Structures are given as structure tokens and as C-alpha cells.
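Engineer: Here are the chains, one letter per residue:
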Amino acid sequence: MKNTISARVADFLKNYPPFNEVATKELEHLSEEVGIIYKVKGEPIFAIDEEAHAFFYVVHKGAVVLTKEPNNEVVDLCDEGDIFGLRPLIANENYKIGAKAYEETILYAIPITEFKPIIKDYKEVGNFLIESFASNTRNPYSKSHRGKLYEGATAANENRVSDKELLDLQGVPYSKKLVTCSENTTIKTIASKMTEKKVGSVLVVKDKLPMGIITDKDLRNKIATGLFPITTRAKNIMSSPVITYPKKMTVTQAQMAMMKSNISHLCLTMDGTPNTEAVGIISKHDIMFELGNNPAVLLKAVKRSNGFKKLKAVRRRIMALLNGYLEQNIPLTLTSKIISELNDACIKQIIEIALEKMYAPPPVKFAWLAMGSQGRSEQLLHTDQDNALVFEDVPEEQLSEIRAYFLELARIVTKGLFNIGYEYCPAEMMASNPDWCSSLSEWKERTTHWIINPGPDQVLLSSIFFDYNLSYGDANLVNELSTHLFETTEQHPNFFLHLASGALQSPSPSGFFRSFLVEEDGEYKDFFDLKRRALMPLIDGARVLVLSHQVKSINNTAERFEKLAELEPNNQELFLACSYATKALLKFRTKHGLLHNDSGRFIALNKLTKEEKIKLKRSFKTIKDLQELLKIRFKVTNLLG
Amino acid sequence: MDFFKKRKQNYPDFWMEYEAQFEKKVDYTISEIRFVVFDTETTGFDYDTDRILSIGALSTKNNSIAVSDSFEVFLYQHFYHAKNIEIHGILQEEKQERVTELEALIQFLEYIGNSVLVAHHAGFDRNMVNHALNRHGMPDLKNKFLDTSVLYKRTLIKSPLLPVKPQYSLDELAEKFDISKKDRHTALGDAYITAIAFMKIVQKLKTKKNFSAKKLLK
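Protein chains in written order, with my numbering: chain H, 1 to 641; chain X, 1 to 218.
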């Protein structure tokens with residue numbers, strides 16, 4: 001029975017291969033039998049060796065990650081319109097790869113019995129499926145039709161962009177001139193050879209089969225440290241067995257393989273096992289070069305994105321870059337500067353796109369403010385969006401019309417942010433909420449009210465709002481607001497007392513015996529809340545101290561502590577320790593977030609190494625000292641007692 | 001007692017069949033429960049004078065919707081308010097296959113069986129259907145009901161900064177959960193939006209402490 005829903009499914013499918021080849025009538029008929037499945041992030045769709053489903057799948061919304069043994073190596077990431085789980089369609093056997101939801105996802109399940117007649121009637125459909133299945137690439141059309149697609153295009157720029165997008169499908173370039181040695185070659189000879197050939201790794205082979213690999217890192221860790229003499233032989237220090245892959249792999253696959261096994265070189269063999277001849281080596285450097293994952297390239301890519309969807313793809317690459325930085329142990333100050341810069345560029349671009357979508361240009365000047373962690377440039381991973389909008393003062397009679405314009409703009413922007421991965425703020429602190437979209441004098445009035453009547457709600461609001469940072473628009477509006485805030489707080493020093501006591505409200509990170517305190521119930525029972533128990537006290541502390549010193553325009557917590565160390569030489573040691581602890585905790589959070597593809601806020605203690613636990617506990621001591629200082633300075637005990 | 005028995009026997013067969021399904025014990029395994037998410041489009045908001053124009057429904061079980069198991073009927077209209085046509089876009093002349101109110105109810109009861117019914121602002125749709133049933137001499141629906149507008153409120157964080165509104169429209173939910181508003185204001189289109197929102201809401205509620213299907217259905 002054809003109905004609104006089946007028509008809706010058909011309407012979606014017809015835009016994507018191979019369904020675009022199918023006549024409307026048949027597609028509509030097929031759509032009547034489709035299943036619509038909702039999957040939570042991380043939920044499996046099918047596992048390796050699971051019995052074949054009676055369906056194959058199309059991603060309608062969200063993304064799905066495909067993995068393969070060993071080690072759950074990532075094979076592919078499927079986006080909207082991509083098909084996967086084709087094995088039951090082609091071979092009557094169990095799944096060889098696993099699939100799970102990478103984000104919250106909605107899938108269309110296409111019943112195979114209903115689909116088979118279509119394959120018979122449409123040769124192109126069959127070919128597409130076989131090719132997708134065989135190459136594990138998602139869309140061979142774009143590759144084979146590339147010539148045709150871009151023949152008419154004259155703009156060189158456009159071509160370059162499309163090349164970038166094809167990276168996922170491109171075979172990886174590898175150096176075929178292998179630099180090899182035998183198991184008995186001495187390290188000295190090897191090192192000379194590496195220098196001469198300007199390579200970072202040497203493959204140790206025996207009868208052309210790969211036995212092990214020696215990289216720059218091995219020379220540094222095992223020879224330069226004196227662990228082995230320079231005269232030792234290759235077999236003593238090589239990493240073995242070698243992790244091997246077949247030579248037909250895509251750039252993305254190679255990159256993911258490295259990320260997965262935490263290695264910097266992949267050895268390619270004839271059939272992908274260590275039992276056949278080695279044919280090439282791919283290094284991380286090759287991949288990085290190929291991906292162009294450097295900030296400048298990505299920044300360009302952001303600026304060239306003319307739609308939310310393209311921007312989402314770029315953001316994934318920004319995350320890959322972040323991952324690389326953390327792996328290579330690049331200082332967090334630098335990392336967070338670069339990533340924040342890129343995040344900032346994304347937000348700007350989204351606002352640009354949204355402005356184009358609006359029915360008219362902005363009627364008056366406005367500024368888009370990032371609040372909370374984004375405002376402090378501490379947002380490395382995707383977290384919630386907290387933002388606000390301030391616009392120029394306008395005559396009373398125009399106010400509602402002008403606010404309506406900016407609310408609509410904010411609606412598009414917040415939706416765009418949501419699309420590229422920023423969750424909506426659960427407390428609605430977003431510019432699309434009329435409370436957070438106001439004229440300059442309304443903002444002045446509101447903040448004055450917070451400062452003069454500092455109840456718990458007002459303190460909470462201030463602590464979120466006062467870290468604002470200009471993302472887009474007119475800087476003068478923001479400056480004027482900041483000046484107003486400083487003048488008002490100076491007149492009402494009582495406000496700091498409340499802000500400081502707010503900073504002391506965070507629950508303690510450790511118990512009496514220096515044991516970690518974990519959450520007692522809810523979704524994260526027995527997890528350690530890194531944000532609330534460790535980061536918030538530092539962030540809140542820095543804010544109140546910096547405001548009381550009337551320091552303008554430093555929002556980043558670590559930088560605030562550094563500034564404080566400069567302003568108060570007698571507390572220099574404590575503030576520098578705070579700055580260090582902030583950075584260490586942020587890095588910790590980011591690493592865990594990347595590992596689990598979440599915000600990294602909640603940490604499973606049993607997954608931590610001893611070293612990590614000690615590091616965490618060391619920062620708790622600093623937090624306690626900071627809280628003591630706050631108590632004394634702002635005489636908070638009076639208020640509480 | 002005799003009086004009730006007599007009356008009961010007066011109900012037509014389709015009602016007796018529908019009613020009989022509620023004698024079974026309820027299974028509270030959430031992945032096993034069939035939810036029927038539905039929406040009615042009506043000529044207006046007055047239960048007595050206004051009539052159902054169409055009913056759209058789909059079923060979800062274990063977070064999955066089978067398109068083939070969806071339900072859509074359009075009813076004959078002998079009177080209608082012009083102002084509603086603007087919203088619903090259902091024109092009397094439009095060539096949709098139409099059924100009588102009684103026929104629509106018979107099909108609907110057969111489709112829902114003893115499933116748990118879900119609707120946005122469910123009270124309205126329930127009353128609309130119940131009034132139609134009563135007009136044909138039958139009692140009210142016997143199914144358990146869930147209202148996505150009520151459930152959604154339970155997912156919101158408790159914060160002094162977030163005033164809870166008394167009402168959340170289906171449009172607001174669609175925005176929040178990033179659901180396309182295509183086919184909005186058709187019964188089945190709205191039922192689809194409600195169904196996706198419902199699955200997402202239940203997922204959110206599951207992460208809260210003390211969640212159980214039994215409590216959900218209380």
C-alpha cells in the first residue's frame with residue numbers, strides 16, 4: 001500500500017546510487033517494504049560472523065562505522081545515502097565485517113527478497129553493488145564518472161575540491177623502492193643506509209618476506225638510550241611481527257589502520273599477509289601529506305565549504321588532525337590554539353552560510369558570542385553549544401521585528417552547528433532562545449541585575465556568560481558590554497564574594513583517603529566526572545580572580561592563571577601549578593573523548609593506568625590549594641557559616 | 001450483572017475481537033512491545049461537532065518501523081470547515097480513496113489491537129477517536145496511552161535556568177531532534193515525526209535512573 005511514509009522513503013532513495021537508476025514506480029513499490037531503524041550511538045547493527053540479515057542497509061541520517069578483524073580495524077565510515085551490509089545480497093554467508101552506529105543514526109533496511117528482481121532488471125544496479133562490495137569503497141560512480149562529471153567544469157578550484165573528496169576512495173600511494181636489510185645487518189649499517197636513502201624506516205626481510213621493521217623511533221628508544229650497543233644486529237631491536245596489509249587500500253583505510261594499531265608505518269605485501277613478498281611501505285608522513293591534514297589546508301577547506309554537509313566532512317578531518325597532535329605529544333597550548341582557531345572558522349563559516357540563507361541582510365550591527373568552554377577556547381572536542389547574540393540598540397517600536405530577524409538567523413546557525421556535531425544546549429542557552437538574543441542595552445540591564453542580585457541562579461548565569469568571546473560580527477558592541485561589566489562589578493564588589501562561593505560549590509574530586517569520588521547513580525554510575533569535579537573548580541576560580549583584577553579579554557583558563565601568576569608574584573607558584581593542572585586535565589579529557597567518541601567528561605577509572613591516576617591526583621592537590629586561597633581572599637567562610 | 005452481560009453481547013464482532021485481546025497478560029519487555037504511533041487530522045477542536053478527516057499510524061517495535069505495517073485512512077466528509085483546509089491541505093474533491101467513519105474505526109481497531117498507543121498531545125486524539133466510537137454505540141478505547149509531549153518534558157534537565165513550558169509542539173520536537181518536517185500536517189506524516197521523536201525520547205529516558213517499561217506504561 002503506497003502511503004505518505006513509503007513516498008518519503010522513495011523520495012530519499014532516488015537521490016543515491018544505485019537507487020537513482022531504478023524507475024519511480026519500482027522504487028515506490030520497494031519503499032513500501034522498507035524498515036526504518038533507529039540506532040543509538042555505538043549500538044551494533046551486525047557483528048562479525050553474525051548470521052546474515054534479510055536486509056541490506058542505507059544510512060538515512062547519521063553515520064555508521066564498518067570494522068574488520070583483527071582489532072576492529074576501521075574499514076569505512078558510511079554517511080547519509082551510503083549503502084552497507086551487502087554480503088547477504090551477494091554471498092550466502094555470515095557477515096565478515098561488523099557495523100555499528102557511529103552517531104545517532106536512522107537506517108533504511110532494504111529487504112533483499114524484494115530487491116533481487118530489481119538487480120535482475122537493472123544491469124547498472126547489479127554492477128554498482130558488486131563493485132561497491134568488492135572494493136569496499138562506497139561510491140565507485142564518482143570515480144569512474146569523474147571525467148564526465150567534471151568535463152564541463154572550468155574552475156580549477158572546483159576540481160581541486162572534488163579531488164579532496166575522492167581521497168576516501170583513492171588507492172594509497174606507497175613507495176615501491178623498498179629499503180630493506182637482513183636480520184643480521186648491524187644497526188650502524190642500517191642507520192647509514194637510512195640516512196643515505198633519506199627514509200625513516202627499514203624493512204627487515206628474509207627471502208623477501210617481511211620479518212620485522214626498524215624505524216627512527218627504534219633507533220632512538222633502543223640504541224641512543226644505551227639499551228643495545230650500536231653493533232647489535234637488526235633482529236635484536238626490530239619490531240616484529242610486522243603488521244601487514246594488502247597493497248590495495250585507500251588513503252582513509254591506511255590512516256585508520258595506523259590510528260587503530262598506533263603505528264607509524266604499514267607494510268604492504270602481495271596478499272596482505274606476512275607470508276607473501278613485501279611490496280611497499282606507507283609511512284604516516286605519506287598519509288599526512290596525502291590528506292593535507294595541516295591547519296592551513298583545513299582552514300581553506302572550511303572557508304570553501306558552502307553548505308553544512310561539506311563542513312561536517314571537514315570537521316571530521318579536524319578531529320583527525322587533533323588526534324594526530326595528541327599522539328605526537330604536541331604541547332596542548334599550541335594544539336588548543338590551532339583547533340580553537342579551526343573551530344572558530346567553522347562557526348564563522350556557518351554564520352556566513354546562514355546569512356546567505358536569510359531573506360535580507362542584517363538590519364543592524366550584531367555580534368555572535370561564544371560562551372562557556374567555546375568562549376574560553378577550551379573546546380577541543382564537540383560539546384554542547386552555548387551561544388548568545390547581541391545587536392545594536394534600536395528604537396522601541398522596531399525591537400520586536402529586529403529580534404525576530406536575529407532569532408531566525410540564530411535558528412539557522414544553531415541548526416548548522418548541530419549538523420556538524422555540536423549538541424544543542426540542554427538548558428537552551430543559545431541565541432535562538434529569545435532570552436539569549438537581545439539588544440545591547442537589554443544585555444547591560446540583565447547583567448547588571450545579575451551583579452546586583454547575586455543569587456545562585458545569577459551566579460550560574462554569570463559564570464557561563466562572562467566567558468563570552470566574539471565569534472562573528474561587530475567588536476565594538478562586545479567591547480562596550482565588557483566595559484559595562486567591569487564598571488558594574490567594581491561598584492558592587494560583593495558580587496565577587498558570591499562568584500567565589502559559587503566556585504567552591506563543585507564537589508570534591510577525592511575522598512578522605514585520597515580515593516577518587518565517583519558518581520553514585522544515573523547513566524554514569526561509578527564513572528569519575530572529570531569536568532565537574534576537577535576542571536570546573538579551576539575554571540571558576542580563574543574567572544573570579546581575573547575579574548577581580550579587572551583583566552580584560554583573557555578567557556582561556558590556563559592563560560588566566562599565567563596572567564595571575566604575573567600579577568601576584570607571591571602566589572606565582574600556585575597559579576603556575578593551576579595553569580599546568582588545567583592543561584593536563586584538558587588534555588586528559590580530550591584524549592579520553594577521542595578514544596570513546598564522546599565529550600570525554602566521564603572517565604571509567606578501571607580503564608586508567610597507574611601513571612594516569614597519579615597524574616590526576618596530583619592535580620587535585622593544586623585544586624585544594626586554589627580553593628583555600630579563594631576562601632581566604634573573598635572571605636567566603638563568612639557567607640557559608 | 002445480567003444487565004452488563006446483555007449490553008456486552010450487543011457489541012459487534014469487531015469490537016469483541018478487539019476487546020478480547022486485552023485479556024492476555026501484558027509483557028513488559030520494552031523491546032517486545034508494539035507501539036502504535038498515530039495522529040488524527042480533524043475538522044476542528046470540538047469533540048462533539050468536529051469530525052476526523054484522516055487517521056495515520058505506524059507501528060514501532062524494538063526501535064524499528066516497518067513501512068509495510070503502516071496505516072492511513074481518509075474519511076468521507078459531509079461537512080467541513082474551510083479554515084482547516086489551509087492547514088491540512090485535505091480537499092474534499094481530492095481523489096483519495098475514502099471510507100465511512102465506521103469503516104475507518106473498524107480498520108483502526110484491527111490495526112492497533114492491544115498495542116500501546118502513542119501520540120503527540122495524545123488526549124486530543126484519544127478523545128476524538130473515543131467520541132467517534134461512542135457515536136457508533138461503542139465504549140472508549142482500551143489501549144494504554146503515551147503522550148510524547150509529556151514524555152519529552154521528562155527528558156529535560158532540571159535547571160533553574162530552563163523554564164519548563166506547559167506545552168511543546170510537534171514542531172519544537174522536530175527541531176530538537178532534527179527530524180525533517182516534510183509531510184507535516186498530514187496524519188501519517190505527523191505520526192512519523194512523532195514516532196522518531198518517541199524512539200529518541202525513550203532512549204533518553206532509558207539513561208535516567210530507575211527507568212523501567214512498567215513505569216513508562218503506568
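No lab work stands behind these hints, which were simulated from the structure alone. A quick note: this is a predicted structure, and the numbers were derived from the prediction, not measured. Among the clues, some could well be false.
The calculated lysine-lysine pairs, modelled on DSS-like cross-linking and capped at a C-alpha distance of 30 Å, are [stated by the list, open to error]: (1) Lys525(H) with Lys208(X); (2) Lys24(X) with Lys61(H); (3) Lys142(X) with Lys41(H); (4) Lys153(X) with Lys61(H); (5) Lys100(H) with Lys182(X); (6) Lys218(X) with Lys337(H); (7) Lys208(X) with Lys607(H); (8) Lys181(X) with Lys25(H); (9) Lys215(X) with Lys365(H); (10) Lys415(H) with Lys181(X); (11) Lys182(X) with Lys525(H); (12) Lys531(H) with Lys182(X); (13) Lys182(X) with Lys312(H); (14) Lys116(H) with Lys61(X); (15) Lys2(H) with Lys182(X); (16) Lys61(X) with Lys2(H); (17) Lys204(X) with Lys607(H); (18) Lys182(X) with Lys41(H); (19) Lys525(H) with Lys181(X); (20) Lys204(X) with Lys165(X); (21) Lys204(X) with Lys591(H); (22) Lys531(H) with Lys204(X); (23) Lys181(X) with Lys357(H); (24) Lys100(H) with Lys209(X); (25) Lys310(H) with Lys208(X); (26) Lys153(X) with Lys14(H); (27) Lys613(H) with Lys209(X); (28) Lys525(H) with Lys218(X); (29) Lys208(X) with Lys587(H); (30) Lys204(X) with Lys61(H); (31) Lys209(X) with Lys525(H); (32) Lys415(H) with Lys206(X); (33) Lys41(H) with Lys218(X); (34) Lys176(X) with Lys531(H); (35) Lys209(X) with Lys531(H); (36) Lys14(H) with Lys61(X); (37) Lys218(X) with Lys415(H).
Engineer: Which hint numbers doesn't this structure obey?
Structural biologist: 2, 3, 6, 9, 11, 12, 19, 25, 26, 37
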